[in-house]
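Listed in order, the protein sequences are those of chains E and B.
Each residue of the first sequence is one higher than the last, beginning at 75 in the numbering used here.
Each residue of the second sequence is one higher than the last, beginning at 75 in the numbering used here.
A couple of the hints might just be wrong.
It does not matter which identical chain is meant; a pair holds if it fits inside one copy or across any two.
[As the list claims (entries may be wrong)] In silico DSSO-like cross-links for lysine-lysine, where the CA-CA straight-line distance does not exceed 30 Å:
# : residue 1 : residue 2
1 : Lys260    : Lys190
2 : Lys260    : Lys162
3 : Lys183    : Lys441
4 : Lys162    : Lys190
5 : Lys441    : Lys190
6 : Lys183    : Lys260
7 : Lys162    : Lys183
8 : Lys162    : Lys441
Hints are computed from structural coordinates only; laboratory data are not their basis.
These numbers come from a predicted model, not from an experiment.
Number of protein chains: 2
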Amino acid sequence: MRAEVLTIGDELLRGEIVDSNKSFLSDRLLRIDVETRFHSSVRDDPADMTDAFRRAATRADVVLVSGGLGPTRDDLTIAVLAETFDRKLELHEPSLRTIEAFFERFGRKMAETNAKQAWFPEGAEVLPNPVGTAPGCLLEAEGTLFFCMPGVPRELFRMMDEEVVPRIAARVRPVGGTVVRSTILKTFGIGESTLEEELSDLAREEGLSLGFRTTFPDNYLRPVARGATEAEAEARLATLCAALQERLGSLVYGVGAEVTLEAVVIAALTAAGRSVATAESCTGGMIGARLTSVPGSSAAYVGGVVAYANQAKIDHLGVDPGLLETHGAVSEPVALAMARGARERFGTDFGVSTTGISGPDGGSAEKPVGLVWVGFAHEGGSAAQDFVFPFDRERHRALTTQVALDWIRRHLAGEPRVAARYLEARPAGVGGPPGSDAGGKT
Amino acid sequence: MRAEVLTIGDELLRGEIVDSNKSFLSDRLLRIDVETRFHSSVRDDPADMTDAFRRAATRADVVLVSGGLGPTRDDLTIAVLAETFDRKLELHEPSLRTIEAFFERFGRKMAETNAKQAWFPEGAEVLPNPVGTAPGCLLEAEGTLFFCMPGVPRELFRMMDEEVVPRIAARVRPVGGTVVRSTILKTFGIGESTLEEELSDLAREEGLSLGFRTTFPDNYLRPVARGATEAEAEARLATLCAALQERLGSLVYGVGAEVTLEAVVIAALTAAGRSVATAESCTGGMIGARLTSVPGSSAAYVGGVVAYANQAKIDHLGVDPGLLETHGAVSEPVALAMARGARERFGTDFGVSTTGISGPDGGSAEKPVGLVWVGFAHEGGSAAQDFVFPFDRERHRALTTQVALDWIRRHLAGEPRVAARYLEARPAGVGGPPGSDAGGKT
Chain E
75 MRAEVLTIGD
85 ELLRGEIVDS
95 NKSFLSDRLL
105 RIDVETRFHS
115 SVRDDPADMT
125 DAFRRAATRA
135 DVVLVSGGLG
145 PTRDDLTIAV
155 LAETFDRKLE
165 LHEPSLRTIE
175 AFFERFGRKM
185 AETNAKQAWF
195 PEGAEVLPNP
205 VGTAPGCLLE
215 AEGTLFFCMP
225 GVPRELFRMM
235 DEEVVPRIAA
245 RVRPVGGTVV
255 RSTILKTFGI
265 GESTLEEELS
275 DLAREEGLSL
285 GFRTTFPDNY
295 LRPVARGATE
305 AEAEARLATL
315 CAALQERLGS
325 LVYGVGAEVT
335 LEAVVIAALT
345 AAGRSVATAE
355 SCTGGMIGAR
365 LTSVPGSSAA
375 YVGGVVAYAN
385 QAKIDHLGVD
395 PGLLETHGAV
405 SEPVALAMAR
415 GARERFGTDF
425 GVSTTGISGP
435 DGGSAEKPVG
445 LVWVGFAHEG
455 GSAAQDFVFP
465 FDRERHRALT
475 TQVALDWIRR
485 HLAGEPRVAA
495 RYLEARPAGV
505 GGPPGSDAGG
515 KT
Chain B
75 MRAEVLTIGD
85 ELLRGEIVDS
95 NKSFLSDRLL
105 RIDVETRFHS
115 SVRDDPADMT
125 DAFRRAATRA
135 DVVLVSGGLG
145 PTRDDLTIAV
155 LAETFDRKLE
165 LHEPSLRTIE
175 AFFERFGRKM
185 AETNAKQAWF
195 PEGAEVLPNP
205 VGTAPGCLLE
215 AEGTLFFCMP
225 GVPRELFRMM
235 DEEVVPRIAA
245 RVRPVGGTVV
255 RSTILKTFGI
265 GESTLEEELS
275 DLAREEGLSL
285 GFRTTFPDNY
295 LRPVARGATE
305 AEAEARLATL
315 CAALQERLGS
325 LVYGVGAEVT
335 LEAVVIAALT
345 AAGRSVATAE
355 SCTGGMIGAR
365 LTSVPGSSAA
375 YVGGVVAYAN
385 QAKIDHLGVD
395 PGLLETHGAV
405 SEPVALAMAR
415 GARERFGTDF
425 GVSTTGISGP
435 DGGSAEKPVG
445 LVWVGFAHEG
455 GSAAQDFVFP
465 FDRERHRALT
475 TQVALDWIRR
485 HLAGEPRVAA
495 RYLEARPAGV
505 GGPPGSDAGG
515 KT
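Using the sequences and the accompanying hints, generate a full structural model.
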C-alpha cells in the first residue's frame, strides 16, 4: 500500500508555518506498516489542488489530505475534491446539527459560513471531529482512498488516531505482510552521535532497526521491530527496549511518544510523597510552567518565586545582599541560597534554582553569555552545578529548565545529579568537574 | 516565476523529523517576490527522485532541492539529477581540495566516501558550503533552475542566503512583473470567522488580498498587495494595513511575523517607565516565562510568585486565609488580592494574577472546569475579570496567559481591559458583563 500525504494551505507555501502534520501522519502510517511514498503541499488554489488530487490518485493507494476544511472562503478542499472526481456536494444533516450544537455549547450563534462545513461529496463517509467544527471525510475515487482531515493539529491528531488509522488498518491487514511495532525512548544528557556509536550493535538483526532524532534538548531513540504476528513484533520490541535501557540507564527518562520529563518528575515526587518549590531567575517561570502543565501536579508542586531582579532574590528568597555584591547574581553561592530559600520559605522537601546569563547580552570575560548555575536543596544539604550552554536565549533557557527538572528526577532515583555527558559542551576552565550529588557543595 | 521546494530523505517520509527546511526556503523566496507553488518530498529512491525532478521541470521555473548531498550510500541527489537530465558527472577539483582541507582542520583523514561530494553534473555551477563538507550546485535543465543544497539546516540556511537567493534575485528583477509585498497583523480577542466577515470589504480591489490564520490563541491576518514597482506595492500595502488597523483598533497587538505579545508588552512597559510583577496560580509561571523570553525584559519585569498551593497565596502574596475559605481560590476576591499582593510585595507599578481551573479535573457545578479569574492591580485600584474557556488544560493556560499579558498592554494604551469579543465564548450566567477597567472592582 503506497501512501501520499497532501497538505493544503497558502500559509504552508509562503513558509509561515512549519508543517508538522506531515511527519505526524507518516509516523502513524508507519505504525501500521504503510509506507509514505510522497509528501506534497499546494496552495488554496483550485487548479493546483485538482492537479495534486489527480496525481495522488495515480500514484498512491491512500491519500491523507490535511487542511482547507475551515469555514472561510479559502477553505476549498471538499469542494475541489468533489469537482475533481465529478461528485456532487450533499448536505450531511447530522454534521450540521453537530456544528450548531458546538456553537450553542459556547453560547454563540453559528456563523452562516460554518454551515459550509456540513457539505460533503456524494458517496463520502463523514468522519466525526469531537474537538472542532470541521468534520472530515473518506472518499474513494479511482481506486484511491482520500481521507480529508482538518489542518489544526489537535483536531487532526485525534481524527487520524480514532477514525483514519482503524479504517486503513482494516484494509491493510487482510492482505498480510509483517507487523511493525515501535516506540520512543526519550533520553536527556547524551549527544546523538554518541548514542548512535554506543548502540550500533543492538539492532543489527534482520527486522530490527533503531532511529535517532534530536528534539532539543532531548535525543529520542526509535526502536522498531517487525514480526509475523503482533505478538512476535511486540516481544522483539520489548527485548530491544530492555537492551537499550540496560545500556543507557538513567539517561532514559521515559518511554513512549507522549511522556514528558515534567510528568515523570511529578509522578516520581508524588510516588515518594515529596514536594518541590522553585526559585527561578533566568528561566523566569519555565520550570513552574512545565511542572504545572501536568494534571495533578499540586500534589507535589506548591509554587515558587520568579526572582528576576536582584531585589526579588533578597526579598522573596532571603538571599543575602552581601552574596550578590561579592559574587554576583550568577554564582554558586547565590544559586545555593536561592534553592535553600525556596525550600525553606515554601516548606517543601526540595528547592530548585536557576540563575544564568541567557543572552544575547549581559556576559563578561569572567562570566560569558551562556553561563548558568542550577541549584538544588534537600533535607541533607544543597548543591549547585555550573554549565556554559553555547546556545541562543530560547534554547539556553529550555536546556537549563531541563537540567533542573532532571536533577529532581535523578535525586529521587539516587542517581548522580547530572548526566556526565551534558558537560561535554563545557569549555575547560569553567566550573568544576561533574560529580555526584554526594560530592556537591553543601 | 514559479518555485518548487523538493526535499529528499527517507527520514522525512517515515515521519521521523519535522521538515522545517521547506518553510525556511519558501519564506526566503517570498522575500524576493518568488511564489512557492509546490512543496514535495520523496524518499532516497532513484525512481521517485527522477519522477520528482521531471515533474518539477514541467511546472516550476526554479526548484530548490534539499537533502541527499551527504557522503553515504543513500545520498543520491546529484547522481540522479545528472542521470535524469542526461548529464555526465565531473570531478570538481577545488571542491575535493576544500573537503580534504575541512577534514585536515579537525585533524581527521577524509573518508573515501567523502570524495563523492566533489562530483557534479556537467554544466553545473558549484555552490560553496563554508560550514560543511557538501557543496551545493546549480543546474539549469529544460529551462528550469535546480539548486541542490544540503539538508542540514545550518548549512542549508547559509547556502540559501549567501549563494542561492542572490542568483534567483538577479534573474527575477530584470524580467519585471508585479512586485508583491505582504505582512502579518496579529490579533487577539476576535474569532477567525468574525474577522473575515468584518473585513471582507477591505481587500476587494484587484491586486489586494487578505489571508486568515488561527495560531491559538491568536488570529493572524495576512494582507498582500501587488504593484508594478516596489514603491507602489509598498504604498498599497500600507494603505490596506491602515484600513485594517482602523477597523480593528486595539484587537491588533502587533505587525510583522516576528512580533510577539510579550515583546509588545515589555516594549510598552519600558517606554512608559513602568514595571509589573506576576502572581500566577493556574498558569504556574507561564506569564513570567513569556515576559522573560524577551531580551532586556529586566527593565520592566522584576519577578513574581508562582502560588499554586493556597498556602503559597497566603504566605507569599498576603492573601487573607478568610477569603480563600469563604470564596475559594478561584474567585474574584482572591484574584484581586493576588494582583495587589504581587504589586505591593514586589514594589511594582502593576500586578497581574491568574487563578483558575484548567482541568481536566477540579470543577464543580458552581465553578466549572475552564473557569478562570484574571486580576490586575495598578496605582489607581484593581480589577478582576472572569472567563470560562472551554478548552483543554494546555490551551486554557495559554489563553489565560494571553489575556493577562493583553490586559497589561490594554491598560498602558488606555483601552478597555479586555476585548469584548473574547467573551463570546462565555456561557450566559457566569460572571458579570465585560466592562472597562474604569468600571472595575477596586
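query = Of the hints given before, which are not true for this structure?
reply = 2, 5, 8
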